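Protein chains in written order, with this note's numbering: chain A, 115 to 545; chain B, 9 to 287; chain C, 355 to 555.
Any given hint might turn out to be false.
Calculated pairs, BS3-like style, for lysine-lysine (alpha carbon to alpha carbon, straight line, at most 25 Å) [what the hints assert, rightly or not]: (1) Lys347/A - Lys509/A; (2) Lys532/C - Lys551/C; (3) Lys501/C - Lys111/B; (4) Lys457/A - Lys509/A; (5) Lys553/C - Lys126/B; (6) Lys434/C - Lys553/C; (7) Lys444/C - Lys481/C; (8) Lys509/C - Lys126/B; (9) Lys444/C - Lys551/C; (10) Lys553/C - Lys481/C; (11) Lys252/B - Lys111/B; (12) Lys509/C - Lys111/B; (13) Lys450/C - Lys532/C; (14) Lys450/C - Lys111/B; (15) Lys126/B - Lys501/C; (16) Lys126/B - Lys532/C; (17) Lys553/C - Lys501/C; (18) Lys434/C - Lys551/C; (19) Lys481/C - Lys450/C; (20) Lys444/C - Lys509/C; (21) Lys509/C - Lys450/C; (22) Lys434/C - Lys532/C; (23) Lys126/B - Lys434/C; (24) Lys80/B - Lys252/B.
Quick caveat, the hints were computed from the structure, so don't treat them as lab data. Remember, predicted model here, so these are calculated numbers, not experimental data.
Listed below are the residues making up each chain.
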Amino acid sequence: MTHTSSYEPSTGIEKWIDQRLPVPRLIYDQFLAFPTPRNLNYWWTFGGILTFMLVSQIATGVVLAMHYVPTAEGAFDSVEHIMRDVNWGWLLRYTHEVGASMFFLAAYIHTFRGLYYGSYKAPREVLWILGVLILLLMIATAFMGYSLVWGQMSFWAVTVITNIFSSLDAVIPGLGTRLVQWIWGGFAVGSPTLTRLYSLHYLFPFVIAGVVVLHIWALHIPGNNNPTGIDVKSTRDTVPFHPYYTIKDGFALVLFATLFAGLVFYAPNLLGHPDNYIPANPLQTPQHIVPEWYFLPFYAILRAIPSKLFGVVALIGAIVVLFFVPWLDTSRVRSTSYRPIYKWFFWAFVVTCVVLGYLGSQLPEGVYLVLGRVFTAYYFLFFLLVMPLVGWIEKPEALPGSIIESVLGPEEAPQATKRSALRRRAQEPAL
Amino acid sequence: MTKPLLHGLAYAAGLAVALALPFGPALAADDAASATAAVNHEPSIESQSWSFNGPFGVYDNAQLQRGFLVYKTICANCHSMRLLSYRNLSESGGPEFSPDEVKDIAAQVQVTDGPNDKGEMFQRPGRPSDRFHSPFANEAAARVANSGALPPDLSVMAKARPGGPDYIYALLTGYRPASAGFQLAPGMQYNLAFPGHQVAMPPPLFDGAVKYTDGTKPTIDNYARDVAAYLMWAAEPKLEERHKFGALVMIYLIAFAVIMFLTKRSVWARLHGKVTHAA
Amino acid sequence: MADTTSATPAQHLSDEDDPSRRDVIMIAAGGFAAVGLGLGLWPLLDQMNPDASALSQATTEVDLSHVEAGQAITVMWRGKPIFIRHRTDKEIEEAKAVPVDDLPDQLARNANLPDNAPATDANRAGKDRENWLVMIGICTHLGCIPKGQAVGDPKGDYDGWFCPCHGSQYDSAGRIRKGPAPQNLAIPPYAFASETKVKIG
C-alpha cells in the first residue's frame, strides 16, 4: 500500500515526537486515516475484538502470576487463595478463565470469516499463514494455562497429550519415550513439568503479540478484504478507519463484552469441568478425560482414527492443512457470496466443525465413533478435495463492478455502471 | 435498515443454534452444574431450589449457619475443609457469624503451632486467622481410620461434582437398601445418587443428630439442604459479591451498547450524503 | 493500484447536519469508555494490596500468663518479630535513672503516643504496667534482629539488647545508647486486653 501520508501534527508535542520517532505518524496512517472498504460487515469486527482479548488475557494473567505458586504442592491451593483472599482475585481468575474461551470463540469466528470471504487468497497468503500461526500459539498457550490449575483434568490432560509423542516409538524405537521424558523433566508428569509449562505460558502471549504485529502489518500492505471479495478501485470505495470502524468495532466489542461479562458474573464455571476442582491425583484417572470445548473438534479427530500414530498425524494435520488453504482453493473469485456451489460445502464444513465438537465430548464408541469418522473424513475432504475441485469446476456469479456499486446499487453509482455491465458480459474475474 | 437487520438476526440465530448445540444440556443446568452427568451415564440428579440460584441469588445466612453446625457436628469428624479459615465465617456474603462467635468457634479446636524457643511444636487454642482444623494429620492417617477410603476435603466439593449442591443433597438423602440382585461390595452402602450406586461413606445424617436453635425442623432433609448450601458457600464465598457487581457491570454494558449503537449509526449516517468525497 | 487515499478522519469527524446531537453522543461514548477503563483498571491495581489472609494477621493476641519476671518472648506480627519482656525491678530502676537528655534518640517512638513524646521510661513501658515492654525487635540501623531475648544472650552494656551486626546497644527500655542505630526500638500499636493478654495491632 503506497500512499503518501497526510499526517499533520496538530500539537507541538506530536511534532516533537514525530520528528524523532514517527510513532504519531504511524498511528495516524495505520489506525486513523487508513482507507478501509466501506462495506465491511460485522464479521470484520472480530479482529479488533481479538486484540482486546489478547490485552485482557495478558493484563489478568500478569496480575494472577503475582499470586500463583507454580509447584505441584502449592498450585491448586494458590488458585483457591486467589479466589478467596486476594483483592478481586475471584474476578481476575474468572475473567482470565472465561477469557480463554471468549478468545477462541472470537478466533474461530474470525477464521471462518477468512475462509468464507477468501481473505486468504492472493495477495494475502502470508497474512493468512500468520493467522494460522497465531491460532497454533493460542492452542499451545491455552493448553499450558489450563494445566496450571493442577486439578485432575489439568494433570491428566498434560499426561495424555504429552504421551502423544510416545507414538514416535513406532517410527524409531525409544525416540518417543526419550522425547516424552524430556518434556516431563521426569518419568511422569510432576512439578518440573508444571514449572516449565508456567514459564512458557507466560512467554507465549508475548510471542503472539509479536506475530499479531506482523499480522496487522501484512494486512495493511494490500489493505482489508471485503464481503464482495473485489479489490478497492477508488477512494469512493473506502472510508477512513477512524471514526467509521473505530466506532463500529467499539460497538461490536461492547456487545461481545456483554456476553463475556454475562458468563464471568453469572456462569463462570459453565464452560469448565467439575473434575478440575479436584486436586491432581497421579494415582487416580478421571472417568472421562475431556479437554475444554475449543479443543473438542480436534479431540474428536484424534480419536476417530484407530491407529495411535495416525490419529496423532490427523490431529496435527487438521491444523497444518490450514496453512495450505491459499493454494488448495482454486477459485477465481474470493467471496463465497458469489460461489453458489461452494457455499453449500462451506456451510457443511461449519456444521462439521460444530458436530465434531459435540462428538469430542462423547465417548468414542457406537454411533459417536461412526459419526466421528464420517465428519473427520469430510473435514479433510473439504480442504483436500472440495477446495481444489469446486473452485475449478464452478461458475461464479457475476461480481459487482466496484465496492461502491455493491453498496449503493448500479443506479446510484453511474460511473461504475458501464464498467460493471462490461464485466458481467466478459465474466472477467475481479482479481 | 430492515435487510441488514434481518441478516443480523439470521446470523445471530444461526450462531446461537451453533453454540447451543453442544451446550444445550449445559445451558439448561444451573450455575454450578454441568452437562457432564448426562453425558457420562451417571444417575440423573434432581434440581433443587436454592436461595443462591439464578442471577440475583443470595445466600441465606441462617441456613449457612445451620449448615456449618451440621458440618462441625457430623462431617468434620472425617472431612477436612483446609482451604477455609475461621475468619471466613464472619465475612460478609457468608454465614456472617459475629467476630466474637467466630473467636469462640476457633478457640474450640486445638491447633499445632511452633516450633517454640525450645524447638518443640505445641498445641494452642485456634484463632480466627487459622485454617479449619483437619480431623486427620495426613492422608495415610485418614485412610487407616476409614478402612482404606479417603474422605475427601470438602472445601470446593460443591464445584467438584456435576450437579453441585443438588448432587450433595441427593447423595445425603439417597441412601436406600440395595435392590435385590444388586451386587453390593463388602463395606459399601447403596446410594441412589452416587455414580455406580455404591459409596464407602455410611449414611451420616439421622433425624435429631444436630440441635437446631432457630426452630428449623431437625430432619435429615433439612440437614442435607443446609449443609449443601453451606458447602456451596464454602466453594464460592464470593457469589453474592459476584452477582452484585455483575448487575452493575451488565447495566453499564447494556447502556454502553445502546450509546455505541447510536454513535455508530450517527457516524455512518454521514456517508449517506457522500457518494464521492474529497480525496 | 489506483490512488486510494480517502478523506481524512478530520473531514469525517466534522458534521454539517446536526453537530450538537452527534457531538453529545460521541462525548457520551467517550465518557462511558473512560469510566469503563478506569473501573476495569482498579482491580488490576488493588489486587496488589495486602490480601485478606495478610490482613487477618494484622492483629495478634498474645497470652503472657507464662512469662515470668526476667523472661522475654518473641512473637510474629505482620511478619516482624515483637519483643515482649517482663522486666525485673532492677531493669525498671536502671531505665528510669537515665536522664532523657543523655539519650542519642530522645523521642519515645511509641505508636500509641504522639510523635513528639519524649523517651521517658514511662513512655516506653506499658501504660500503667511498667513491668511490660513491647517493642518491634528490628534494629533501627539496618534491620537485623538484636540479641537479648533469651537467657544467655549478650545484652550489651546497658542490660538491654545488643545487635550483633554492627554493635548497636539498647538499654532496658529498648532505647539506643551506643552504636550506629539512629533510633530507639519502635513500639507497635498495642493494648492489654486483660492482665495476661496483650493485643498487638
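The hints, checked one at a time:
The straight-line distance between the Cα atoms of lysine 347/A and lysine 509/A is roughly 24 Å, inside the 25 Å bound, and the hint therefore holds. Of the supplied pair hints, the one linking lysine 532/C and lysine 551/C is violated, its CA atoms being roughly 33 Å apart against a limit of 25 Å. Between lysine 501/C and lysine 111/B the alpha-carbon distance is near 34 Å, which puts this suggested pair outside the 25 Å criterion. The straight-line distance between the Cα atoms of lysine 457/A and lysine 509/A is roughly 12 Å, inside the 25 Å bound, and the hint therefore holds.
Using a Cα cut-off of 25 Å, the hinted pair lysine 553/C and lysine 126/B holds, with the two alpha carbons roughly 24 Å apart. Our distance criterion of 25 Å between C-alpha atoms is met by lysine 434/C and lysine 553/C, whose separation comes to about 15 Å. Pair hint lysine 444/C plus lysine 481/C holds up; C-alpha atoms about 19 Å apart against a cutoff of 25 Å. Straight-line distance between C-alpha atoms of lysine 509/C and lysine 126/B comes to about 20 Å, which keeps the hinted pair within the 25 Å bound.
Restraint check for lysine 444/C and lysine 551/C: the C-alpha separation of about 24 Å stays at or below 25 Å, so the hint holds. Taking the CA atoms of lysine 553/C and lysine 481/C, the gap is about 13 Å. The hint holds against a cut of 25 Å. With a C-alpha separation of about 29 Å, the suggested pairing of lysine 252/B with lysine 111/B is violated against the 25 Å cut-off. At roughly 38 Å between alpha-carbon atoms, lysine 509/C and lysine 111/B are farther apart than 25 Å, so this suggested pair is violated.
As the CA atoms of lysine 450/C and lysine 532/C are separated by approximately 18 Å, the hinted pair is consistent with the 25 Å bound. In summary, the hint linking lysine 450/C to lysine 111/B is not supported, as the alpha carbons are separated by about 39 Å, beyond the 25 Å threshold. Of the pairs offered as hints, the one joining lysine 126/B and lysine 501/C holds, with about 16 Å between alpha carbons and a cut-off of 25 Å not exceeded. A threshold of 25 Å between alpha carbons decides the hint, and for lysine 126/B with lysine 532/C the separation of about 31 Å lies outside it, so the pair is violated.
For the hint pairing lysine 553/C with lysine 501/C, the CA-to-CA distance comes to about 24 Å; that is within 25 Å, so the pair holds. Restraint check for lysine 434/C and lysine 551/C: satisfied, since their Cα atoms lie roughly 19 Å apart, inside the 25 Å limit. As the CA atoms of lysine 481/C and lysine 450/C are separated by approximately 15 Å, the hinted pair is consistent with the 25 Å bound. Under the criterion of a C-alpha separation no larger than 25 Å, the hint pairing lysine 444/C with lysine 509/C is consistent with the structure, at around 14 Å.
As the CA atoms of lysine 509/C and lysine 450/C are separated by approximately 18 Å, the hinted pair is consistent with the 25 Å bound. The hinted pair formed by lysine 434/C and lysine 532/C meets the criterion: a straight-line CA distance of about 23 Å does not exceed 25 Å. Simply put, lysine 126/B and lysine 434/C have alpha-carbon atoms about 20 Å apart, close enough for the 25 Å limit, and the pair holds. Pair hint lysine 80/B plus lysine 252/B does not hold up; C-alpha atoms about 30 Å apart against a cutoff of 25 Å.
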